[in-house]
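Novice: Sequence:
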Amino acid sequence: MNPLLHTELPTLLLLSADDALPSLHLSDVTLQPAASLDDICAAWLEAQHGVVCLYSKRFNGWLEAAIERVRLMLPEAPLLVLLEHLSDEEKLISAGVQEILSLHQAKSGLLSHVMLLAMARRQYDIDQKHAAHHDPLTGLANRGLFQDRLDHCLVQSQRRGLDVSLLFVDLDRFRVVNELHGHQFGDLLLIACAQRLRDTLRRSDTVARLGGNSFAVILEAGGHQDNEQMSAAVAQKISTAFQRPFAIGGEEIFSTVSIGIELASRVSYDAGQLVRHAELALHQAKREGRNVSHVFCHRSSPADKIRVGLESALHHALEREELRLVYQPQVSISDQCFTGVEVLLRWQHPVLGDVSPAIFIPVLEETGLIERFGEWVLRNACQQYADWLSQGLVPEDSKLSVNLSPRQFRQRDLAERIQQLLADCALPPQRLTLEITESTLMVNLDHGVQILNRLRTLGVSVAIDDFGTGYSSLAYLKDLPIDYLKIDRMFVQDIVTDTHDAAIASSIINLAHNLGLKVIAEGVEDSAMLDVLAVFGCDQYQGFYFARPLPAADIPALVTRSV
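In full-length UniProt numbering, the protein residues as written are 1 to 563.
Honestly, the hints are just simulated from the structure, not real lab data.
Some clues are possibly wrong.
Below, in silico cross-link-like pairs of lysine-lysine (DSS-like), each with a Cα-Cα straight-line distance of 25 Å or less [said to hold, decoys possible]:
no.: 1; residue 1: K129; residue 2: K107
no.: 2; residue 1: K107; residue 2: K91
no.: 3; residue 1: K478; residue 2: K518
no.: 4; residue 1: K107; residue 2: K57
no.: 5; residue 1: K237; residue 2: K286
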């Protein structure tokens, strides 16, 4: 409650250093003397209103101890110190007291004003503290408070020999809701989902919003509970609760959840590993399909075994010439003519064989090797395309598309590097398109726009890759210096049968064209997909329907057939 809007007279809970209370005859304050600090604490906790006042003739040991106890026992209570004569203000301020009055000032009419100020100041402090630790949209704990509570919970539970479960909860297809109904509607859904989580769980459980449509739940097991069974039961309870529709803006919306689970006892109560395993379990739940919960599996999978020694092997992959480039053609939908290629990196390990990019690219990112590998890809691909152009093997107006990793995009001298590389390879900048994921760009949008402007000044084109899968809004596109949008394959693969995916693809294409952008669809695998995209007016596509990624030697012949 805002104390400035409180209509009753402010209450002064007064405790004196001795039995003799000061003589105060006040018409604008309700005076409530107390015999002890315990009485004051009980009175304030019952009313949750008023100002604690400590009276002493001067600053002394009693007053110092009383201030410390009030701050410890009633941290949210406004505190006023009343002295017979003002003195030792610096000591009082050092002790954390902000409101200090002399007896004369109190009798002269200042007391009620200072009390209201103390109450307002304390309420402001409480509000600021709450805002610093809670998500402003849902009111749930934010990531910082979640981490603090997780750390505290792990320490306490380990001491008592109890287990802790961490559940990561993701709303399924939330981006679809955002794109179809708008972000304001999406925010209302997030608020409703947060409340449903609160209603489903115990008051003692911590529920946090980690960002976007991601939530986390910390569960503490009782002394006689099997934590895995309890976690699975809670996950099922959450899933069941989310089977009921949400009433948002007069519409019924169904939003299921995917849940990843890990137990603290399995990771020796290590918070970092607990979080990583819960995230991995969530990703596995997503892969298994929507509305699924998954407990992290500690058994080694083939992918886990491949990762052993992967970093060391990657350090030598360039020198040992284990890397190669392949090129996936991009084609005009209207006439099926070749418009360019996207270059892709492949790794053939002498023992492991072909290693999936989904496995080794994240390792490159984590280790920082991606910058060196990315430079190698960019230089070799640009040189190859320049050679094709000079020999007339690809159309003069076709383009080479190269993906930039997040680390590459953050390089301060990226534009200068690109300019020098193009000069070295004798590749016209108009023939190069750099692809950047929207999630990379949205990390720091203002900085990203500056980089894009410098690249565009060179004459290089820019494409937003995997559009629709990151954290952005369609609204921000009008301010971006870009040329292409690439519709992610997740919206293309079911475009023929899924009306939601079709609606998203159509919306992206229409918006892009209204903004003067061209659209490239990824993952086109059959003629039915292509027909739908043609109806929507999509400009270009790439995918297995036209050609798989090919070695450089096969591109000229394919171009000849398609021109």
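Novice: Please go over all the hints and tell whether each is borne out by the structure.
Specialist: Hints and how they fare:
Under the criterion of a C-alpha separation no larger than 25 Å, the hint pairing K129 with K107 is inconsistent with the structure, at around 34 Å. A C-alpha spacing of about 24 Å is found between K107 and K91, which places the hinted pair at or below 25 Å, so the restraint holds. Using a Cα cut-off of 25 Å, the hinted pair K478 and K518 holds, with the two alpha carbons roughly 13 Å apart. In summary, the hint linking K107 to K57 is supported, as the alpha carbons are separated by about 15 Å, within the 25 Å threshold.
About 18 Å separates the Cα atoms of K237 and K286, which keeps this hinted pair within 25 Å; it holds.
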